Each structure stands twice: as structure tokens, then as C-alpha cells.
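Q: Spelled out from the first residue to the last, the chains are:
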Amino acid sequence: MANTPDYSYPPMDKRKVIGQRYKRLDGPMKSSGRAKYSSDLKPPDMLFGAYLHSPYAHAKVTSIDTSDVEKMPGVKAVYVAAPAGTEVNWQGYEIAGVAATTEEIAREAARMIKIEYEVMPHLVKDDDLALAGTRAKQGGERVVGDPDKAFQDADAVSEGQYGIPVVYHCCLEPHGQIIQWKPGTDPDNKSDQIHVWPSTQNVPDYAGSLSQNLKVPATNIKVRMDYIGGGFGSKFTPDAWAIVGANLSKKAGGRPVKLYLDRAPELMIAGNRPSAYAKIKLGGKKDGTITAWQTESWGSGGFQPVNPPAQPYTYANVPNIREVRTTVSLNGGSQRAWRAPGNQQASYLTCCAIEDFAAKIGMDPIEVFKANAQYAARTGAPDTYRYQLDKAAELAEWKKLWHPRGQSGSGTIKRGMGVAIGSWNGNGHRSQCRTVINPDGSVSVEIGSQDLGTGTRTIITQVAAESLGLQMGQVKLVIGNNDLPPDGGSGGSTTVGGVSTSTRKAAINALMKLYEACAPALGAQPEDLEAVDGHIRVKGSPNKSLTWQAACRKLGATSISEMGAHTGQAIPGLVTGGAAGVQIADLSVDTETGIVKMNRYVAVHDCGMVINPRLAESQVYGAVIMGISTALYEERIMDQQTGKTLNPDMEFYKLAGIGDIGNIIVHMDIREENDKRGVIGLGEPPAVPICAAVGNAVANALGVRVPRIPMTPAHVLDTLEGRTA
Amino acid sequence: MQSFEYANPTTVQEAVGLLGAKWGQADVLAGGTDLLSLMKEHLHTPKRVVNIKNIKELEGIQKTADGLRIGALVTMDELSKNSDVVAGYKLLADAAAGIPSPQIRHMGTAGGDLCQRPRCWYYRQGLGLLAMKDGKSLIPDGENRYHSIFGDGPAYFVSASSLGPALVALGAKVKLVSAKGPREVPVAKFFVTPKDEASREIALQPNEILTEIIVPAATVRSATYEMRQKEALDWPLATASVALTMNGNTVTSAKIVLGHVAPTPYESAQAEAALKGKTITAATAEAAGKAAVQNAKPLSQNAYKVTLAKVAVKRALLEAAKAKG
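The listed protein sequences correspond, in order, to chains F and C.
Numbering-wise, the first sequence is residues 1481 to 2205 according to my numbering.
Numbering-wise, the second sequence is residues 84 to 408 according to my numbering.
The shape of chain C in the complex, shown without the other chains:
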């Protein structure tokens, strides 16, 4: 790990003043579950590390008339157990609870979950976010069993965020603060597919901190279903977060968002359309699953993920139909 300056601000105002204008100048430290390994592997070599754990205003979950405000420092464990989240936003509680490592649930934060870097092993082995060699990505002809099944590249990594799909399904926004002031960005637009090696996979700028997640009030039936091979520490192979607005037993509108299958959370308009006006049955859930992967373009080793994504949608829908919140 390269030597760095360590800063301990106690206010957001102070913290944003310590950030750089360009990536590489400063990194924000919250739970540290990703940043420390990035630094040890020399994938991030910040000159300054800005620890935000002492900033009280970034803590806590507040229920307001407009919905929920989730502080960036809320841990995944808190999120999975918070009564307002569990009661009204089951898909979000499911997504946080699904992280199998107790250490990561207790250390990892909501803000960090959204800002973490991809787990793509080419990236983690120092071959770049897009793993380009001689103008071509290594991934289509390489070891791509855990990679993207949607899109045409050049990014083939999958978004590592557990909360992203659930927040997109809920129409949530994130608050990003720089020295110039705050801005709000829909989570659906926070995740971006980089087109070149110099870009990032999130809309956060190097001089900004993600301070808060704003979830609108909603009356939905919802669930997140994860496909994960192990009970112990493991990454999902595919997830589906679904939020259904119902009129009696009929779906008036559906939000269906897949995770770990594309460089960003992947919202399927086809699956949403397939459900509108329907009741949730094994057959309609299955059909929605099929619709969700209609545009999948699996790589050489990951056709199995198309099945997993399809089944994740089906199972999330059946679970949401059972759920009250």
C-alpha cells in the first residue's frame, strides 16, 4: 500500500473540501470493505484518504412523509433490520440481509455498497476496468463465467451493488454533495456503463460525497431474490428486485430490476409490460422471467446466468406476491 495522508473530518462541509478535482487524488473511506483491498492491490493509490465515519449527519434512517432518508453510513446490518425498511421496503431489507458475511454486513455501508468498484477479476488483477488489450476486451474470449449477459461491451463487468437493483425498482435518488453544494440523482442514472478506461461506473464526481439515499414513499409488494451458490461469503450470480403496485390482486405497475448481470442494475421494461394488468401466478411469473432475459446476449461461458436471471425474476415475483409490505 502506498503512503497516504489520512484526514478525519467531522462535517460534510469539511470532508468535501478535502477531496480532489480528479480521481486518484483522494478516496473516501467508510466501512473500508472494498477500499482497503483496492489500496493493497494498488488499484487505488490515493494521496489522501478521507475517513467519513466521524460525520454524524451521515448516520441513521429517517422516515418522513415523503419516504425514507438513509444516511450513507447506515450499515447493511442496520438496513436489513430497520423496522421501517422491513415493513415498507422488503426488497431493500432482503438485499441487505442477503450479504452472507456478517463482517461485511456490520462494516459495509449503504453508501459504500453503491460506490464500490466491480469485482471483475480482470480488473482486480490489474488489467483495467474494461480489460482492454490491443483495443479489444479480453473478456469475450476469456474467463467470463461471472460476467455480463446484457449489452455489447466494451464493459462486461457486472455491477457489484446489492442495493442498486432494489433502489432502482423503488425509484430512489442519491444525494451527492460537493463544495459547490448538493445535487440529487436518480439511482437509475447514478450507475453508468463506462465507454472507456478513464471513466467510472458511477456518476459520482471525484469532488463529491454520496451523503444520503432518498427513497420515495411507496405502497408496494416487493422482494429481492438472490442466486448465490454458497451460504458462506460469496457474490450473487444474479439477483432480481421487484416492486409491484397492486389493485387487489392485479398488478397495476411493476418495477423489475436485475442485478449482477450487467455493468449497471438492469431494469427490464419487457418484464414490467408482461405483468401489467395480470395477477401473479406461477405462469405469469415465469413469463415475466422469460421476458426479462429476452435481450440477453450471454458470453462464451455464462449462458447459465440467463437461466439464473430468469428464475430469479420468477421467484422474486412469487415471493413479493406473498409479502404484505
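With the rest of the complex left out, here is chain F:
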């Protein structure tokens, strides 16, 4: 083919497979327990690994002696990750690993390692900036326009304080892997070989990271993962546990070692969402237009400095801004990307401040959000927000149920409504796909991606089937190992854009080869053919056709194997970035107990062309459930006196159950203007506005702002009874 094939998707009304509400292909495997997660595997001769973690938030290892433990029956290897002299900066820091024949022996052995620490001073609390002292580092002041004059000229000025704490990812499958480091003792193959079965969001790049640490060529590292029990942004790199596990395996003569974190260290050291606290002042006009914005914010993402997110969020083009951000270094586990990193915090601070401004000028907050949609930075976004604000209001029965702040009747139970917005990029990552068409008609699609639980398997299969004119069951998909064409990590909601584009291209490229093979039999030119409903036929002459099987037989003995690649750049119509969302919380607060119950939650989102509306909606349901849990219950709690994390468990680190969630209404904004933009990722955007919408609904119900998430009885009653939070 001389010309570049046309990769564009058929128009919405002509699609046969794309746009259909297929159930996820791995649903039956997962729900019946037949799906094997990496942590379910048990290769022959597997040893169990266990960790010794630092009990202190800040200490120096002064001595460590593993000699007795190495002699314990059943112990096969001990590896010290933090030798004497190591300074540990958070509780749970990885000190040493043990591999043994049983889990019980490994755990007991890890406990018996003789270790001494010099305990050092720590800081583990971040909610009071005054206590942070030299651990707080203030950034420079950012000024846009003339905020002083804008505040002077404003019709009204509102001020508020807001806070959103550190929360955990709480993956049900903890971080870890089974790993086998086989020494190169084979005379014909003297290179070391590593096999690893991780729980990772990044199968394709895993071997590259590991090879740098272990000095084993990446070509000798085989990575395999079929299913993952949650990542949410926290599982991109091999991490210390892979290094320790690999070294234990090597020391144990190449036996595979299973090393997964227990729940407590899983929560303490495997990532978290940074906190953000702020004092915000807004100035604006009586018509709701914001003219001036001032933020003093601080927050912590652990020991390494992480700035709280810039303000204002999404409505970034407010003309007059003053902002000072401060980062606090804590002796706590490090932050990692948490389902739209930075965005929940940013949305919470901005949208609560806008709601407070709306209350100050006595306006409906939906109207205030609409009045300021002009400030949304992305081209086209202002209109999208205006549309979605109206749509969400309609679905939430806003006009009927909303009332001005505090005018929620005289009863004990007060109902409140709150709105918030979010945005996300979601461009496709780099991706390569191979499509193989065999002479017997069988088709395989091979792609080095992973299904994070988002439905990646299903949507790749849908794109391939649509492109080849086949049905879902006629395409065999292979993903989840690093022998396959390299894809990207599943982060930033970039997977669907990447894999759909490379799959589309590979399928079309393969189809072009098939057209060449069967054009003579159809008496036509290859470019005159099309693949429809399991047939290759001449465009405009549907009676001149071959069945898929007959067409493939024209290949003789040679299969077609064609690649398709996506570089990561946006391609109009195929893949792009930039998504919006509007959410409304409808809840009731028991003013005698401070207990908040969700009634209804409305989420309106666009994500360009939707490959599978059911799976898109599922992403929104999942994000909203996760978000309501953080809005009402979740919070890392640490004790400044001892430096210890007090709730590294699923008892007092409270997670919502389904009875706590209320009714969720999802609306996908799939208007043609969005469809035409191409595929955009959706995993993260619906997780963004929830804390803000819930916080605003509580303020609407009570008539007073409860500054800090989560909306616990303690926070609500402290506010109602006038105690400072």
C-alpha cells in the first residue's frame, strides 16, 4: 500500500462493536475465583518471604545481626536492605527480608533478627503548620495580575479554611511479587535469568527498572501478570520488595520467593495521597464572576517535599491571583500517584472556596460555577462545563431540591446539595500492537499492556473486532507479559487511548494485507474492499464477497502479522486528551450525631469517543464509591508522641461499604462533538470532585462550612458546637 491507510473510526451510527455495552470479558473469571492474581500463584519450590520493618519514624540502624536467624531451621536466605548506619525516615522502612520454607517460619525469623536503633526526633503531623518549624519550606509567591486592586474593587469577598488529609490507596492485593533469580550455571547459558510475577500497573517497563537495580540484562527478565488486585497509581515500579525478593531468591539458590507486604506496611509504605490545607480568599462581582483569588496552602507527601496543588483548579485563568505554597517534610511513608494525583486536593480547595463565595453573595452555586466557566483553560472547556453543570443539575433535581445555605428546615436531619468540577488530560500513552491473521481465519491481538481492572481486555477486543468486521469471540487477545509488543504503564488514564489507537492501526494494517490476498478472487482492487459482518466484500457491491474464512484461506500457508503503533501524540478522531466532569452530592446530615448519609450522587463526564458505555460507567461508579469513602471516612492517623501510625489496618482506617454509598447516577456526555475528538481516558477524572461535592453538600445542609475532610461525626459536631477543628 503506497498510501497511509485510513485509520479513522466509522461514524457513531455505523459502528457495530464499538459503542456496545459488552460485559467485561474477564468478569466470569474474576467473580468465580478462577482468575489467578500474582499473589495466588505458587510455582514449584516457592519460598515465603517476610520483612523486618522499622518500628520508628526516624532512627539510625546502629547494628544488625542476622547470624542466628540464618541458622534457624527452614530459613533459606536472609538479605539486609538497611545495614548499620542507615538512617530511616519513616515507620515501616524496609530493614531486612527473610525467605523460608513456610510463611510462619519466615515471619518468626524476621522478628528474631537482632537489631539496634538510635532513635531520632520525628515530625508526623501536618495539619498545624505552626508545629512544622524548619520542616516546612515555603515556596515563592506567585502573582498574576493585580490581586490587591481586584480585592479592593470586588463587590464581595469570601474567606475560608479547608483541609484534606493523607489517605491510602488500600489496594486489596498488596504490593509485592513472586520472583525467581536463577544463577547462570547452565554451561550453555551462563547468564542469570529472572522470572517475576508482580502486581504491577506497568508490565512493559518493569524489566527495564529491575535490570538497572539487579544488573541482569532486561532481556533475561521475564515479567508475567494476568490480573491485578488494584493499583490506583501506586504500583508502577518494582520497588524495594522486588529487589529484596530477588536477592533472597538468588541467595536461596534460585528458588522462587513470594514477598508481599502485610496490610500494615502496605498502608504505611506503599504510597498515599498527600494532604493539602489552605486559607483561601475570593473576591468577585455580584453576578458571580470571580475577579481575585488568594491562596496560602500547605501539605505533605511524606519525607520528600511535595507542594500542594496550584489554585485555582481548572478555572485557572482567573485574572488576579496571589498564591504561596508550603511543603512539609514528614517522617511518614512517601506519597505516590493516587487516582488523579493532586486533583482531589485541588478540586476540594477550589470548589469549596467557590461554594463559600456563592453563599456569601447569595447565589446558586451552579450559576456561580457557570459564570466562571470562562476561566477553564482548555479550548472548548467553558462550553462543556456550562452544558455539564446544567445536565448534572437536571439529573440531581437541583432546582427542586437545592436551597440556599442553611435553609434546610427545622428538623434534626438536614438535607444538602453540593456541586464540584474536575478535569483531566487522559491522552493515550505510547503503545504497540501486533495483529496476526491466520489462514484458518483465527485472529490474535498481542499487546504488552495490562488490565488494571478497568476493562482494557474488553476494549482492545472491541476495537480489533470492529476494525476487522468480526465479532468479539473471533478475536483472541494476549496481554500481560513483556515478550509482547511494548506498551505503556497504566497511569494517567492513558491506557485506553494508547491501546485503542495501536490496536486500530494494527488491525487495519493487517486487513490491508488480507485485502491484497483476496482482491484478485473478488475481481477488485484492495482499496475497494471492506470488512463487514464477517465478510470481505467489494464496497458498493455487497454480493461480491468472501466469508472471513474463505478470505483467509487465500493467504495460503502464510499468516499475516502486522504492527500498529501509537507514539503518544494526539491524533484527531482517534485519540486526544482533555476531559471535564461535574458531580453533585445529595446527602443528609443528622445534626444531633454529625453522621452524614449519602442519598444520591450524580456524575456527568465526557471522555471523547466511548468504546464501551458499560465499562465507562463502571469506571465512574468505582471512582465515586472510592471517593465517597474518602469524603466520609478515610484518614491516616499518626501519633506525634511516638511517631507511630495508629490505623494501619482496615478497622480504624475506615472504608465505606456498599450500604454507605447511596444511589449513584452516571451520565456519560457522549454528544457527537465529544465523540469526534477520539478516545480519552476515564479512570481518573471521576475520582476528582467527590470530596468537594460532599463538603459543599454538608455546608449547604448545615449552613456552616465543616473545613476538613473526612466528614466524620467529630468534624461535623466540632463545627456545629463551635470547637476549632
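Rather than coming from a laboratory, the hints here were simulated on the basis of the structure.
All values reported here derive from a predicted model rather than from experimental measurement.
Treat each hint with caution, since some may be false.
What the hints assert, rightly or not - With a Cα cut of at most 25 Å, we get these calculated SDA-like pairs of lysine to any residue:
1. C/Lys219 - F/Val1599
2. C/Lys123 - F/Leu2135
3. C/Lys164 - F/Ile2117
4. C/Lys313 - F/Arg1615
5. C/Lys130 - F/Met1592
6. F/Lys1594 - C/Leu121
7. F/Lys1551 - C/Thr128
8. C/Lys123 - F/Asp2129
9. C/Lys380 - F/Gln2121
10. F/Lys1551 - C/Lys123
11. F/Lys1551 - C/Lys130
12. C/Lys313 - F/Ala1744
13. C/Lys313 - F/Ile2138
14. C/Lys123 - F/Thr2204
15. F/Lys1605 - C/Ser383
16. C/Lys123 - F/Ser1691
17. C/Lys123 - F/Lys1605
18. C/Lys313 - F/Ile2117
19. F/Lys1605 - C/Met84
20. C/Lys380 - F/Gly2139
21. F/Lys1594 - C/Ala365
22. C/Lys313 - F/Thr1582
23. F/Lys1594 - C/Glu124
24. C/Lys380 - F/Thr2204
25. F/Lys1871 - F/Met2130
26. C/Lys130 - F/Thr1582
27. C/Lys380 - C/Glu369
28. C/Lys164 - F/Ile2138
29. C/Lys380 - F/Gln2120
30. F/Lys2077 - C/Gly181
31. C/Lys313 - F/Val1623
32. C/Lys219 - F/Met2130
33. C/Lys123 - F/Pro1654
34. C/Lys219 - F/Glu1598
35. F/Lys2077 - C/Lys130
36. C/Lys123 - F/Glu2201
37. C/Lys123 - F/Asn2143
For chain F, the structure is supplied; the task is to place chain C on it using the hints.
A: Frame of chain F; chain C shown alone:
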């Protein structure tokens, strides 16, 4: 978890012979909903675990002329559904039904509910039952949002028992059996406030098994009201169990016992006195709630629990007034 010997007695006689003279020698296993996590966290490191689930005499609920006898192995689920309990002792059925986790309701036992260790996070993180450091409790200056609002320490944990307040309100007793024979202890005296780290929060001795709960016959209107944030697995922030003896619509005597607000179930004589001779109305229930927390001394982060305790009493009373049993 440390290695241990596992014993499977089939009679109480045999079981008590397997216990130790001191804490730490043996632990009793029933539903295991608490013991297993205590052992995994090395908070309990018994040399022997005595499984009592095969002891038939510890099962079942019997209605007698004197009241109810509830075997130690009766699960919370059984208790919440038993027709005699539901008909005559609503506060007890409420308390058992209130446990939100179906797993714990089905595995957890009545005896275990009374003997479970506190959920105080300082204790569970290995900092001791009283969380003492340099002779001073960490809790008043620490993270005390879920801790006690009554008393002066040094114990600031709250009793974790769901049934305790209801049983105190009913004037129930527990039967404790050692190799020397049985003794009966009022539930109100079974829970104790430890004064030092070596003491326990219950009167059970290391060589004893709690075999039975004895609830006297009663004609009361009763209810238990729990303040719990979540529908899913969660601990109450405060509870109130109330039992009212009525003459027509007038309260002749009241028992009002709070849970999860003190190291033991907390009986409020003030609230009981406030109700005597009164009818239950929104106003008298509110007044009784206020009286119940009259002596509260909240810590730095838990003043909100005073409100919750007060409202729990009010709501339990209003519910009891509606209830027949």
C-alpha cells in the same frame, strides 16, 4: 504468630484443666474474631490455645422460670434472632444485631464479646493497655478521638463489648468456672478499670472460663441505640442500653448504661434518677441524656462523644417507650 500447643477439650472440666495460673500461659479460643488478630500482632503469645468450640454444654439459650441462660458459645447472630431474647430482652437483641459485619455476627460468641480486648489503637500498636510512657499515659495528649469520656485515667480505652451495657442494664450475671468450681459474678462487676499495666479489664482469672450468662426474668421496656458512623464494619462511637420498669406510662425504675465511652460499661445513676416517676417524652428523654453525661470529662479530641452519648440515651429511651418487650 508464635508457635503454640492446640488443645481440643470436649468438656468444661477438661478445658479448665488446660488453663494456666497466669496470663500468657493459655488463651481460650471460641469465635476467634479477636484472639487471632491479637496473636498475629504478638499482643497475646499463649503457649497453649484451648479451643472450646467442641464443648456442647456451652451452646444454646434456655428460657427458665428465673430468666435466660445464654451459653458462652451462642453467636451474636443467634442471640439477635432468638425469639425469647427478641420478645423479652429487646435491648440485648438490638446490641447483638447492631454488629455490622455478618462474619463477626456469625463467628463471634456471647462469651467472646464479654472477654474481648479493647480496640484502643495504642494498645493494638503494642504500646500497652494503658499506653504508659515515662509514667504518663500517651492518650490525653495523643490521638484520643475514640477514647473514654468518663473517669480520670490511667485507663482511657473504651470497653469494646457490645453486650456489656445491655447485660448490666438487665442485672445479669456471668458464670466463671475454674478447676475449683464455678462462681457467679454480676456483669457490672465483671468489667473493671485496670489501675496498672499488669491488670486486665475483666474479672475473669487466667484459670477460668466464662461458661454462661444468666439473665434474670424481667418485665421491661428496653432498647439499645448505637452511634456508628458506617453501615459497613465499624465500631460504635457511643451506645446506650436502657431497661425501664413501668407502671402504666410511668417509669418506676430505669437502668441506663452507656457503652464505648469508658473502660467499662457506664451506668448513669443520674439519668436513672432523672426518669424515676416520669413518663417518657422527648423532653424527659432529653433531660435523661443530659443527666447521663453530667460527669463527662472529655479528652482533647472527643468532646463530640459527649453529644453522641447524650443523644444515644435520648434515642434509646424514645425507642424503648415504643417497644413492648
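Q: For every hint, state whether the structure bears it out.
A: Right, here's what the structure says about each hint:
no. : hint                  : verdict
1   : C/Lys219 - F/Val1599  : holds (20 Å)
2   : C/Lys123 - F/Leu2135  : holds (22 Å)
3   : C/Lys164 - F/Ile2117  : violated (37 Å)
4   : C/Lys313 - F/Arg1615  : violated (36 Å)
5   : C/Lys130 - F/Met1592  : holds (18 Å)
6   : F/Lys1594 - C/Leu121  : holds (23 Å)
7   : F/Lys1551 - C/Thr128  : holds (23 Å)
8   : C/Lys123 - F/Asp2129  : holds (13 Å)
9   : C/Lys380 - F/Gln2121  : holds (22 Å)
10  : F/Lys1551 - C/Lys123  : holds (24 Å)
11  : F/Lys1551 - C/Lys130  : holds (23 Å)
12  : C/Lys313 - F/Ala1744  : holds (22 Å)
13  : C/Lys313 - F/Ile2138  : holds (10 Å)
14  : C/Lys123 - F/Thr2204  : violated (39 Å)
15  : F/Lys1605 - C/Ser383  : holds (16 Å)
16  : C/Lys123 - F/Ser1691  : violated (36 Å)
17  : C/Lys123 - F/Lys1605  : violated (28 Å)
18  : C/Lys313 - F/Ile2117  : holds (18 Å)
19  : F/Lys1605 - C/Met84   : violated (32 Å)
20  : C/Lys380 - F/Gly2139  : violated (34 Å)
21  : F/Lys1594 - C/Ala365  : violated (63 Å)
22  : C/Lys313 - F/Thr1582  : violated (37 Å)
23  : F/Lys1594 - C/Glu124  : holds (19 Å)
24  : C/Lys380 - F/Thr2204  : holds (18 Å)
25  : F/Lys1871 - F/Met2130 : violated (37 Å)
26  : C/Lys130 - F/Thr1582  : holds (20 Å)
27  : C/Lys380 - C/Glu369   : holds (19 Å)
28  : C/Lys164 - F/Ile2138  : holds (24 Å)
29  : C/Lys380 - F/Gln2120  : holds (23 Å)
30  : F/Lys2077 - C/Gly181  : holds (17 Å)
31  : C/Lys313 - F/Val1623  : violated (44 Å)
32  : C/Lys219 - F/Met2130  : violated (29 Å)
33  : C/Lys123 - F/Pro1654  : holds (18 Å)
34  : C/Lys219 - F/Glu1598  : holds (23 Å)
35  : F/Lys2077 - C/Lys130  : violated (46 Å)
36  : C/Lys123 - F/Glu2201  : violated (41 Å)
37  : C/Lys123 - F/Asn2143  : violated (38 Å)
In this structure, the hints that do not hold are numbers 3, 4, 14, 16, 17, 19, 20, 21, 22, 25, 31, 32, 35, 36, 37, in rising order.
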